[in-house]
Each structure stands twice: as C-alpha cells, then as structure tokens.
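Chain A is already provided as a structure; the job is to place chain B on it using the hints.
Which chain is which? The protein sequence lines are A and B, in order. Just so it is clear: in the first sequence, position 64 is 62 by our numbering, and no numbers are missing. Just so it is clear: in the second sequence, position 279 is 277 by our numbering, and no numbers are missing.
As the list makes no split between identical chains, a pair holds if one copy fits it or if it spans any two.
Calculated lysine to aspartate or glutamate pairs in the EDC-like style (CA-CA distance at most 20 angstroms, straight line):
(1) K95 / E151
(2) K317 / E227
(3) K229 / E314
(4) K226 / E314
Think of the hints as simulated: they come from the structure by calculation, not from any bench. No experiment lies behind these values; they were computed from the predicted model shown.
2 protein chains.
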Amino acid sequence: MTIRNIAGRRLAGAIAIAVSFVLAIASPIHAQTDPLPSWNDGAAKKAIIDLVTRTTTQGSADFVPEPERIATFDNDGTLWCEMPFYFQMAFAFDRIKAMAPQHPEWKTKQPFKALLQGDVATAAKAGEKGLLAIVAATHSGMTVPQFEGEVREWIRTARHPRFKRPYNELIYQPMLEVLNYLRANGFKTFIVSGGGMDFMRPWAPAAYGIPPQQIVGSSGVTQFRLNKEGKGELFKTAKVDFIDDGPGKPVGINRNIGRQPIIAFGNSDGDLQMLQYTSSGSGARLGLFVHHDDAVREYAYDRKSQIGKLDKGLNEAPKWGWPIISMKNDWKVIFPFEKQ
Amino acid sequence: MTIRNIAGRRLAGAIAIAVSFVLAIASPIHAQTDPLPSWNDGAAKKAIIDLVTRTTTQGSADFVPEPERIATFDNDGTLWCEMPFYFQMAFAFDRIKAMAPQHPEWKTKQPFKALLQGDVATAAKAGEKGLLAIVAATHSGMTVPQFEGEVREWIRTARHPRFKRPYNELIYQPMLEVLNYLRANGFKTFIVSGGGMDFMRPWAPAAYGIPPQQIVGSSGVTQFRLNKEGKGELFKTAKVDFIDDGPGKPVGINRNIGRQPIIAFGNSDGDLQMLQYTSSGSGARLGLFVHHDDAVREYAYDRKSQIGKLDKGLNEAPKWGWPIISMKNDWKVIFPFEKQ
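With the rest of the complex left out, here is chain A (with noise of 0.2 angstroms):
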C-alpha cells in the first residue's frame, strides 16, 4: 500500500468519525432510545436519568461544566457480586492453598491450617489479625507487577462456588448501563473501593471500560529499590498503608480524585460517608444504595450481613433523599450472561 493510499483510508476513516460524531451530537442521548434498557421503570431509574440531564443540559440552573462531572461507584456488591464472601478473600484463599507446598508450617498454625482444610468458618474466628495474617501471606513479598499477573492467572482460572463462572463475569449488567450512560454525558467514571486497589486495576478496566488511574481502593505500603539488574520496581510490603472504607472514602477521593462527586453508588455503610460527601456538594448531587433483596437470582442480605451490611444506609437514605435500588424490582437482568 502506498503512502497516498493510507492517507487516503486515513481520511476517509476519519471522514466516518467526524460524520459519526456530528450525528451523536445532533442527536440527543435521551430522546430516541432507552439509556437503561435492563431498568425498570421506577424511581431509581428516574432519579439517575434526571440528575443526568439537569446536570448535562445547558442553561439548566443545575448545569455541571464537563470537567467537573465526577461519578463514584463502590465495587464489591455494588458493581460486581460480593457472596458468598468477598472475590478478594476467595483469590486470598486460593493462593493460601496454592502456596501451601513452601508453607510446610501452615498445617499447624491458624487461620492457615483451617482454610488449608477448606473451613472458612473456623479460619474466620482468627478475626481481623488472622485476615491481615492471610493478607499478608499473599499481598505482599513481590513486586506489584508480579503480584498483578497472579490476579489475572486467578481471574482466569478461578470459578465462582455458585455460578460456576469466571468472577469476573458476575458484574451486573444495569450498573454496565449506568457506567456507559454517564459516560457518553461527559462523567468521569472511578471505583472509589474498600477492596484492594492492586486488586482491582489488572481486571476492571476491560470489566467496566475505567482506566487504572481512576480505579482507588485500599493499599499496603510499597517500597521502590534497585533490582539486582538495576531496574527500578515497587515492592509490595505487608504493612497495610490505606483503608479506603467508610469515612476513609472521602478521604480516598480527595487524594485520587480532588473533586466531590456529583453522583455516587454503594451498597453497603462502608459507603455511607461516600454517599453523605457526595450529597453535601452544592447543586445537584445523587447517591444511591443496591439493595441486595433477590435470592432468587443473586442473594438476600442488609442489616445482619457480615459481608456487606446495609444497616445505618437504610436508615439515613430517606433524610438525604438516597433511592435505594432494588436489584430484584428495579433490575430486569442481573448479570450480563443472562442476556445471551
């Protein structure tokens, strides 16, 4: 091919673009199609779609300037499954077992040695030391790099309990829509998670379309040194640096984000600070909490939940006018595989 004639396809795609992009802008999101097609009508779906729009529209008194449309999404429960515990601990669990073999001593020292026999109850009863001792174990003592091609080795070869899917695949395909919508109106999409931020970013951006920089979550302390070929790397250490839950929230999106958000989504009162920062912005601002009410198709949990408890949530949601979304009335399908 010559030169000419890649110039040419070059402008001819871009021809396409620019048509493509006149059309998009010619045409208003709202008025033809469905942003939310796997969402009932109710007011949830209202509330979001409204907000959108007096937020999106120019000259509305509620108008937000592109730049400072920032959207927050809690993951664990809120953009992906969080039962029957959270896919950290079960990717934790994992690589207690796979590890086992160098850990000779694990077969007598707890929490180790219950979950090596597959007792998550009794590995439990180790409380917050034994989860930071199993965090530790498998968080830390390598480079971030390497730490985060033993996620992906996980998200590719793990299979839920449940669903017997990739986890990866239980993200829920409303929230897919709500990610997009905002998206194509000029929000600025970030996971702002109590999960781990080395965690999340190997997988999440094909999972929701958000790049690794707008991805924050909780943090050990990593050190840079020289390998022994010279290199510069991070190495991941197993001192816990940053808890980005609860009142940590806010403060996490300070640090990665510097704006308060316009509109934000929980799930659980590790959100509820997130939710109330969101809300005490001036002009329009929208959170709004999953409520997990179908057993049927997903699971049944709130205010008696160890994973995920939504207690002090539903009772502040009514004072700052929070919709709560009912994954069991307001969602038509749960997860994306559902639709094929």
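Chain B only, in chain A's frame:
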C-alpha cells in the same frame, strides 16, 4: 431563540469541530509546524520528539497504545520556578504574617518570631521541625475548600520578589509546549510533585491544563466529618500523611496512576527515583532533567543548592541515557510573559 435555531447552531458548531478534527488527523503534527517553538534544536528537543514519534507511530516497534501513554512532571523547578525558595514556603510565610494578629504567642516563639521579622535565614535554622510547625500552622485546622480558597487568594495577590509578578505567571513556556505536544499525541499529563497536593490543585489546572485528578503530591491526613449543618466535609489535620518526593514518587505514581510513565521530567535529586522507575519500564522510555544554569534570565544552581539540589541526578543521567535540559542553551524564552 427557537429550539430549531439552537439545534441549527449546534449542528454548525459540530460540523466546524468535525472538520478541524479531520484536518488534524489528515496532517501529521510534526511535519508542518514545530511543536516546540521555544526550544532550540539540540539533544533534549530531539530526544523528546523522537520518543513521541516512536511511541505514537502505528507499526513502530515502540508503539504504545493511547491509554498507556503516561507522562509525569515534577512541579517545583520543572514546571515553574522554585527560587529564592519553594513558592509553597512563600505562601506559608505570607499566611504566618496574615495570621499573626490572632497568634500573639508567635512574637516570642521560633521559627514564627524570625519569620515575622522577615528573617528567613534564622527561621530556616529551626530545620525540619520548624518547617513542620509552619506547615501545621498554615495548612491545617480548616476544611479542604477553605484551604483552597486561601491558596487562590494568595495566588491572586502575592508577587514574586524578583520578577514582581503573580507566582502562577512564573511557569516555563517551553514546558507548557511539551505538555501540549504530549497531549496532542494522546499522552495523559500528570504532575507528581513533592509539593502539597491541596496547594497545587487550586491553580495548576488553569496554569498547565492538568485536571485535579492528575495532580499527585504530598499530603496531610484529612478527616471526614459532619459539620454543624450536618454536611459532610474533609478537615485538614496537622499530621503528615504522605511525602511524594524521592522514593515516594514511584509510590505516588502507583497510587494515583497505576502505570509506569513513558516519559518523566524532573529537575532535582527528589526526581531521581521517578526517572529511574520510568526508564525501567519496557520499550521506549525517557527521563529528562531540567538544569537551572541561567542566572541571567532565571537562576543558576545544582549540586550545592539547598533548594532543588541536583547532584546524584547529574551523576546518574549518563548511565540511564537521560538528556540534561539546559535552560540557558535549550530554551529561547523562560516565561510566557517574555513572548508578549
């Protein structure tokens, strides 16, 4: 104006945008015009243009997909001036003077006493402890938006002692061109500074075209709280959280960006590890040091300087293949106002 007219004007505007978009794609940026007009031809300019060309040319062995095109910039001494001392220190000193009437105890307490007498040399003898006391007094005890308001007011009113201009005019014209050139070629530009994150965010977006979420810096511990009106806010405490300098820079890069940069600019030993981390990535990478060697137009300092010391960096640069940018020889102008 009727809706029809608005739609018509919108369409016309969209077509104009689309046409310029086509023209931008059809004519390669390097060919016609010099992307770095304030730079003299030399090794540094050549290295920057070569790196951009290699990483953005389809089919090149060093091609980098657009989402991975990350560029990081130190701020003090790299994007703006840092003499006679860091501008954030000038802000802190001015705040001490402004706050003095509410703090009679400062009249007898160092380093406040010396500062209030205009004796920076004596104040500096209080060392790190004294500096932290000054930072604590001026950078905490208020909400993030309150602090940002104080920074904005200072930027509006304060003047540099030598150049008699607002501090945000003392940014480097050649580096603004690098920022624009990189962004025009699909790079995301980030600040990674030892300076305060909350100090930069109020003015840096307008100065450099870099949004708050792409400004990484040092920070104090912030706490989320509900104020008397029941609104959520972030309160700045006096406790240091994170020092984004030296080996902290790769850590800050991982935390807020999550990718190794393709190109990084610094000017002091505090940027050494950022450049090492950048150059340790696979494929084409580039680190560069701005060298302050122009006492006539700006300042000349390096190995022995208290501010912006560049010593190890000068030793390491040849080993890593990092060009040294001579402000005297490589830059036709230093500040944007020289062009006017």
